[in-house]
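Chemist: Start counting the sequence shown at 0; every next residue gets the next number (numbering that gives the first Met the number 0).
There could be a bad hint or two in this list.
Between beta-carbon pairs, the in silico distance windows are [unchecked claim]: (1) Thr133 with Arg348: 51 to 59 Å; (2) Pro488 with Arg514: 29 to 37 Å; (3) His543 with Pro457: 23 to 31 Å; (4) Arg409 with Ser467: 21 to 29 Å; (5) Asp361 with Ala245: 48 to 56 Å.
Treat the hints as calculated values from the structure; they're not laboratory data. We put the CB at the ideal spot given by N, CA and C, even for glycine.
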Amino acid sequence: MSARAAASPPSRSAGPRRLVAGTAVGAWRRVLPGLAGIAVHQVCEIAVPVVVGLVIDRGIVAHDPVALWTWIGVLVGVFLTLALAFQVGIFFGLRGMEEAHHGLRMRTTWRMLDPRGFGDRPRSAGELLGIGGTDVQTVSGGVMLLVFPIAELAAVIVAGIVLVGISWPLGVAVIAGGPIFLLLLDRVGRALRRRAEAEQQVTADAATLAADVIGGFRTLSALGATAQASARYRAASSRALDAAIAARRTEAWFVALSRIATGAFVAGIGIAAVVMAIGGSISVGQLITVVGVVQVVMGPLQALAVNVGATWARATASATRVLSLLHAPPAHEADDATVEPRGTGIRLRDVVGDHVRGVSLDVAPGEVVGVVADAPTAAELVALLGGTRAPAAGSVHVDGHDLAALPASRRHEHVVAAPHAAHAIAGSVARNVLGRSTGDPHPALAASAFDDALRALPSGTATDVGPSGRALSGGQRQRLALARAYAAPAAALVLHDPTTAVDAVTELRIAERMREAVAGRAVVVVCSTPQLLARADRVVVLEHGRVAATDRHEALMASSTTYVEAVS
0 MSARAAASPP
10 SRSAGPRRLV
20 AGTAVGAWRR
30 VLPGLAGIAV
40 HQVCEIAVPV
50 VVGLVIDRGI
60 VAHDPVALWT
70 WIGVLVGVFL
80 TLALAFQVGI
90 FFGLRGMEEA
100 HHGLRMRTTW
110 RMLDPRGFGD
120 RPRSAGELLG
130 IGGTDVQTVS
140 GGVMLLVFPI
150 AELAAVIVAG
160 IVLVGISWPL
170 GVAVIAGGPI
180 FLLLLDRVGR
190 ALRRRAEAEQ
200 QVTADAATLA
210 ADVIGGFRTL
220 SALGATAQAS
230 ARYRAASSRA
240 LDAAIAARRT
250 EAWFVALSRI
260 ATGAFVAGIG
270 IAAVVMAIGG
280 SISVGQLITV
290 VGVVQVVMGP
300 LQALAVNVGA
310 TWARATASAT
320 RVLSLLHAPP
330 AHEADDATVE
340 PRGTGIRLRD
350 VVGDHVRGVS
360 LDVAPGEVVG
370 VVADAPTAAE
380 LVALLGGTRA
390 PAAGSVHVDG
400 HDLAALPASR
410 RHEHVVAAPH
420 AAHAIAGSVA
430 RNVLGRSTGD
440 PHPALAASAF
450 DDALRALPSG
460 TATDVGPSGR
470 ALSGGQRQRL
480 ALARAYAAPA
490 AALVLHDPTT
500 AVDAVTELRI
510 AERMREAVAG
520 RAVVVVCSTP
530 QLLARADRVV
540 VLEHGRVAAT
550 DRHEALMASS
560 TTYVEAVS
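Model the full assembly from the supplied sequences, consistent with the hints where possible.
Modeler: Written as structure tokens, this is what we have:
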């Protein structure tokens, strides 16, 4: 599957059920042999009591040794086919599910990474992780709804045909019972779907809050807000627990009722067969066949209840959340046209967001401006300067271009907004700094004070940092991310708390080297770090989202109590 194909969203008319069904049908090359294998397995399960009945009637009762051993051989063959068919079916079924999982995961991942962003609302890392992980996996599990339920329904139909050959009322009852069960279960499953949707939503809220708390832990600690954040998370976690218990309780009642209903249905057929045997309308072997077939068919009937009800309910609930991501409108339209740099720096005019309130700011090329703000305002300001969020009012111009009109695919050529979280990718140190471009990563690594860590690495810049940079410490990952920002060719650079994970000595080295590393570029450093702010040309203090003061670091330390408290 190509990247473009994987990224293409489903039709906006596609609902959750259609997404689940479409994901399953998309893996038909694996689903069909998987379905065939499980269907053969189920039919062989039905065939076992049929053959046993023939062994009794034609071999034992008729005292025919040849027929006896012939049908025993057939029984052995049925058992061997039964075992082999299950292995084949489960292999292809799981393979199809994994391929469907991969395809849907690629579609959601490409949407998450789309440089056009989200135009409806911001999405936190916790929410994206939940959708791209648990929800995508649950939707992909719907592949098995094309394997097991259809095979189980085939087993019910075959059982009905067998019973028709013995007694047509029994066969008709079994054949008609399957569709009736499906219709009833779909209606009963509506309550389960509502519970599942509620559970997944509050669980996602708890995961989102946890990710936000972890990501901003140092900031929360500095503000003395860790107790409040912990209380909020405990409340969200408690809501998630209550929703999960409610959903599982509903599912348990659903499964229990379905099993009671199928058990009563099968017991009724068995009792009717016993009455027929006593009346002489069916033989002893046929009675054993009926009882055996009915016992076997109870499994598929109960499985139909669980698979079509509970599994379908969970899959459609997850599909609702996946579609909310895939259908999200872009914040910017795609445009591959080249936009020439103009070298005019950064300019904000009366910018308004959720936390930012009418901020105006100019940063000329070659100028470094520090910004001190509370955590929510700081994060939103970085997003606005990086173009990942559009202002509700006002304008943000970078390098002479309005970010709202700048092509998303070209935005990174003009501004780089390094996030607070330090991300690394699997690959070498050099690749993490330069990406796919060529050049020398050493100047950027030296400017970010990564040179001492580089000397300790076995292969220098060719050292693989491992998945998500796990071979590095948190401070090393943060310095590597800073080096990546320094190495970017953009004319404007926005840094958000770039030294929160390093020690004081390393922080001083980074501050001393910052001016040389960003020479000629318009730079905004959003932080509360005195070492960095002291080297800025000026510092802008935001209170309640508005500009409260602007001056040099030394002057603000002498004149503003609020500033002293913020940076201490």
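Chemist: So, for every hint listed, does it hold in this structure?
Modeler: Each hint tested on the structure:
1. For the pair Thr133 and Arg348, the supplied restraint of 51 to 59 Å is violated, since their beta-carbon distance comes to about 42 Å.
2. The beta-carbon spacing between Pro488 and Arg514, approximately 18 Å, falls outside the hinted interval of 29 to 37 Å.
3. Checked against the hint of 23 to 31 Å, the C-beta distance between His543 and Pro457 comes to roughly 50 Å, which is inconsistent with it.
4. Distance hint check for Arg409 and Ser467: the Cβ-Cβ separation is about 28 Å, which falls inside the suggested range of 21 to 29 Å.
5. At about 54 Å, the beta-carbon gap between Asp361 and Ala245 stays in the expected band of 48 to 56 Å.
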